[in-house]
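Engineer: Each chain, letter by letter, is given below.
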Amino acid sequence: MMEAVTSPLGGLRARGVSMASAAVVYVLLLAAAVTLLVGSLESTRFATLTVSGVAVGAAYGSLALALVLIYRATHVVNFAQGELGMATTYVAYQLIQWGLSYWEAFFATLAIAFVLGAAIQTLLIRPVQHRSVIGAVIVTVGLFILIDGIVNWIWGSGIRFLRSPFGGGSFDVGGVQIQHLYVGMFGVVFACVVLVWALFRVTKLGLGMRAAALRPAAAALVGVRVEWMLALGWGLAAVLGAVAGLMYEPTQLFLTPTLMQQALVFAFAAAVLGGLESPGGAMVGGLAIGVFLELLAGYLPQVVSLEVPFAFAVLLAILLVKPAGLFGRREVSRV
Amino acid sequence: MRRHLPALVSLIVVAGVLSVLPFTLSSYNVALAAQVGILFIAVLGLNILTGYTGQISIGHGAFMAIGGYTTAVMSRDHNTNLVVTMLMAFAICFAVGLLVGLPALRLSGVYLALATFALAVSVPQIPLQYSTFLGGSGGVQSSRTVSNLWLYTAAWTCSAILFVLAWLILRGRIGRAFRAVRDSEIAAVASGVELPVYKTLAFGISAAYAGVAGSLFVLATNGFAQPTEFDVFLSLQILIGAAVAGLGSLWGVLVGAAFVGLLPQVSTSVPLIGAEHGRDVVFGAAVILIMLLLPGGFAGLLARLRRLARA
Chain U
0 MMEAVTSPLG GLRARGVSMA SAAVVYVLLL AAAVTLLVGS LESTRFATLT
50 VSGVAVGAAY GSLALALVLI YRATHVVNFA QGELGMATTY VAYQLIQWGL
100 SYWEAFFATL AIAFVLGAAI QTLLIRPVQH RSVIGAVIVT VGLFILIDGI
150 VNWIWGSGIR FLRSPFGGGS FDVGGVQIQH LYVGMFGVVF ACVVLVWALF
200 RVTKLGLGMR AAALRPAAAA LVGVRVEWML ALGWGLAAVL GAVAGLMYEP
250 TQLFLTPTLM QQALVFAFAA AVLGGLESPG GAMVGGLAIG VFLELLAGYL
300 PQVVSLEVPF AFAVLLAILL VKPAGLFGRR EVSRV
Chain F
0 MRRHLPALVS LIVVAGVLSV LPFTLSSYNV ALAAQVGILF IAVLGLNILT
50 GYTGQISIGH GAFMAIGGYT TAVMSRDHNT NLVVTMLMAF AICFAVGLLV
100 GLPALRLSGV YLALATFALA VSVPQIPLQY STFLGGSGGV QSSRTVSNLW
150 LYTAAWTCSA ILFVLAWLIL RGRIGRAFRA VRDSEIAAVA SGVELPVYKT
200 LAFGISAAYA GVAGSLFVLA TNGFAQPTEF DVFLSLQILI GAAVAGLGSL
250 WGVLVGAAFV GLLPQVSTSV PLIGAEHGRD VVFGAAVILI MLLLPGGFAG
300 LLARLRRLAR A
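The listed protein sequences derive, respectively, from chains U and F. All residue numbers for the first sequence refer to numbering that gives the first Met the number 0, where the first residue is 0 and numbers rise by one. All residue numbers for the second sequence refer to numbering that gives the first Met the number 0, where the first residue is 0 and numbers rise by one.
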């Protein structure tokens, strides 16, 4: 096997270099966390912005995690992920309209999202994914447009209101007002992420899913139903997307079909920042982007319309230094 | 010569049909046909980059925006001849494309796709910040508007010139280098292809095509350049056009451009769903179906038919 590491130092030395740079990444992240903590202790305004940034960032992270799950399993970037989350948020809205309580609707929606995600993989992605990655990506682009059209068709493009499940109150922590909403958002996303992590790490099913993603052929040989595992992975990703949609919605003033389009852009950025293959990286990336954007909007309101370009300029700069993201590994391929 | 005969004949037929078309169509349909010509240029440009050089871009709407704003601003401030502004759009976008190609040397595959996606999202935000020069969300009105027939003629003349240019580029040394980069970067380097030169060149050429398309695109919207016209959907449309056309072949481009240009217009009149949303439902479903049934796009279908005919 020939290693195609672009470094002239060869495989072994390159690995040493990447370990050193991983240490640098951790030191930088630690420094950022300390800065946020010190800043929050110093200034109430800074603390408020950081808290809301963390909460919104958790929603970005959840959506980014959904992208990463699918990317790891099938090397497909799912452009429809955000629209799926938006559509399932509408489903929850409809269920509540029909008289379910918020949390009943929440769990029913997650179940529906799971079935939807698995069905999409089975019916639409499976036939194309072995032929070409770009074909599968185009299918998800088509899905993006299709889902958008269907939601507009059923619910119209007007605004809808979904009551926040956490009420409008806030905690007072040393003079800093922390809204119940933000604590609730972070809590729900965190719980879901831990559950998904546990599923992958602790259960036999999770082992099968990881095997199917990493070595499909070998996994099939030892009896893993690879296609089922991939469908399951898409289902789980859709669940995470639904959680992201439901938790992100209260931070917007109302529910519209464009709910997740901006969020998808930031989730992409978060996933790329974390390295696309790394679930932990996606969460860290989501939090980082959430806090960064919130602080940027809070302290430099004059550049607020350049928020997106600015965020991407930073992202690009990071990618140029570490082309595979903060936690990604450089791919070594056989020639 | 014999080898190129079928291609030459079909080109002459298409050119003949296109030159008769405006005299038989209504003014609205001429505008629609011009729109297809504009998309033809953009899809052709993306195909050079993605189909021939293997570099995915989801950001061609951004290059179109740059080309479009070039035309609108030059026309507004200096009343420049529109053809000159198109040449400027070509040149400026070529330069910007080379610049964007530089990060592409470090990024590959899906990272590049997402970086260009970021470009598509970011560029339409820039006019909002620099509103005195670029008109903010209201947009820039160029000093002149053109008739549908003018637009049709300009769009398809540019298409013809750029098609021949693409063919000339791709058949020779440069095209060979592009394909080598696409098939295996390592093998290409080992055979003496300078990767930085050809990757950035592919980006430059492709962006220049998109720039011309953007310039015409602005003229098609009554000479009005607006940020919302160049949203992410435009970039996705071009990518879909290239996929439907079939990557790595010039022969499907017309079909790909017609698909993305005409289907959303035609499908507004679907029964049952209603005009407004029917467009997205039908267009989205059609994209998925085509990818499921024709994974190689129209060019792939042509190749399969040719094989059948020979067998």
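If you are wondering where the hints come from, they were derived from the structure by calculation, not from laboratory data. Take these hints with a grain of salt, some might be off.
To be verified - Looking from chain F toward chain U, a few residues come up when the C-beta cut is under 10 Å (computed):
hint, residue
1, Pro-5
2, Val-8
3, Leu-118
4, Arg-278
5, Leu-291
6, Gly-295
What the hints assert, rightly or not - Ranges between beta-carbon positions, derived for each pair:
hint, chain 1, residue 1, chain 2, residue 2, range
7, F, Thr-144, U, Ala-30, 39 to 47 Å
8, F, Thr-131, U, Ala-22, 31 to 39 Å
9, F, Leu-288, U, Glu-103, 35 to 43 Å
10, U, Thr-121, F, Leu-167, 23 to 31 Å
Backbone N, C-alpha and C fix where the C-beta goes; we use that ideal spot for every residue, glycine too.
Engineer: Indicate, hint by hint, whether the structure satisfies it.
Structural biologist: Outcome of the hint check:
1. Pro-5: violated, 27 Å
2. Val-8: Violated. Min distance 31 Å.
3. Leu-118: holds, 8 Å
4. Arg-278: holds, 7 Å
5. Leu-291: At about 6 Å, which falls below the 10 Å cut-off, the nearest Cβ of chain U leaves the hint on F:Leu-291 intact, so it holds.
6. Gly-295: Holds - the Cβ of F:Gly-295 comes within 10 Å of chain U, reaching about 8 Å at its closest.
7. F:Thr-144 x U:Ala-30: 39 to 47 Å: Once the Cβ atoms are compared, 56 Å apart, the range 39 to 47 Å for U:Ala-30 and F:Thr-144 is violated.
8. F:Thr-131 x U:Ala-22: 31 to 39 Å: Since F:Thr-131 and U:Ala-22 have Cβ atoms about 47 Å apart, the given range 31 to 39 Å is violated.
9. F:Leu-288 x U:Glu-103: 35 to 43 Å: Once the Cβ atoms are compared, 36 Å apart, the range 35 to 43 Å for U:Glu-103 and F:Leu-288 holds.
10. U:Thr-121 x F:Leu-167: 23 to 31 Å: At 46 Å between Cβs, range violated.
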